[in-house]
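Q: Sequence:
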Amino acid sequence: MGEMNPEKEIVNWWLNKKGFFTINSIKVAKNKEIDILAIKLKDGKAEKIVHFETYCSISSVDNLSPKQYLEKFENKLVVNKVKSIIKKHIHADKGYEKALVLGATAKLEDFKKLKGINIRLFDDILTDVFLNLNKQNYRNEIIRTLQLVKFLGVSNPKELARIIEDKGKNKTMKMNTREDFLSYILKQEEVKRVLSKERFEKDLTEILKHSSLTRPEKFAKALIDTIMTTRTRNRFVKAMLEHKGIATIAKKEKKEKPLQFFFKNKQNFIKKVFFL
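Residues 69 to 344 in the numbering used here are what the sequence shown lists, from first letter to last.
Keep in mind the hints are simulated off the structure, nothing from the lab. Among the hints, a few may not be true.
To be verified - Derived PhoX-like pairs: lysine-lysine, alpha-carbon spacing no greater than 20 Å straight-line: (1) Lys113 with Lys156; (2) Lys270 with Lys260; (3) Lys135 with Lys203.
Using the sequences and the accompanying hints, generate a full structural model.
A: Here it is in structure tokens:
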């Protein structure tokens with residue numbers, strides 16, 4: 069069993085938590101190596117056996133083709149080695165599955181076409197590991213590092229905001245990634261509940277001021293179609309007309325046209341009401 073790189077350590081730890089015992093970095097003839105062989109036992113018998121290979125680039129630049137990775141599974145020396153280990157540990161011939169763990173790749177769809185290979189995304193595994201970390205003392209240095217990031221890094225609101233906001237050369241998120249992140253966050257019910265608190269009214273108003281909803285037509289449509297019910301709409305109009313600034317406008321316009329005119333012409337009314 070050889071030394072593992074960080075991504076392999078994480079996959080190995082994840083498998084152990086899923087109930088597999090693992091044999092990793094298995095040397096094969098002609099300088100070949102099997103990343104991980106995972107075996108799950110039930111009642112003393114092998115319930116599931118999986119040969120894992122990892123390919124975890126952090127960029128979408130692919131150095132190896134899907135066919136080259138298929139060779140890592142189908143090479144005769146590798147297949148024979150896997151079978152011999154299975155026989156040694158469970159004392160029987162038993163079939164096994166093949167799984168490839170991928171990081172960033174521009175060829176994901178091509179990898180998915182590999183026959184007989186189950187594709188797992190490393191970011192899914194990493195997130196699963198991260199979410200299940202607690203405050204116990206982990207001896208595994210890689211897992212301990214993730215624990216520090218979780219409880220001393222991203223759990224600190226100010227530091228997490230810095231990570232997301234960073235626009236430097238080594239920024240964590242590109243603009244489109246940041247937009248996707250905000251979209252996911254704003255769809256969460258817990259986030260909506262928090263934003264409904266009074267303490268966020270000023271922040272939401274500031275966001276609204278810099279959004280496309282400053283366009284009268286869009287704001288009116290959002291209010292009428294999405295935000296307000298018939299009941300709240302009537303209360304809203306009443307509150308608007310009682311507002312000092314709006315009342316002044318209404319009095320000036322009333323000399324020339326009846327107030328009903330503004331209700332019939334919603335577009336002009338909204339412009340006058342919201343954008344003094």
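Q: The structure should be examined with respect to each hint, and the outcome stated for every one.
A: We went through each hint and held it up to the structure:
1. Lys113 with Lys156: 13 Å, holds
2. Lys270 with Lys260: Status holds; Cα separation ~15 Å.
3. Lys135 with Lys203: 42 Å, violated
This entry does not satisfy hint 3, going by the numbered hints stated previously; all others are met.
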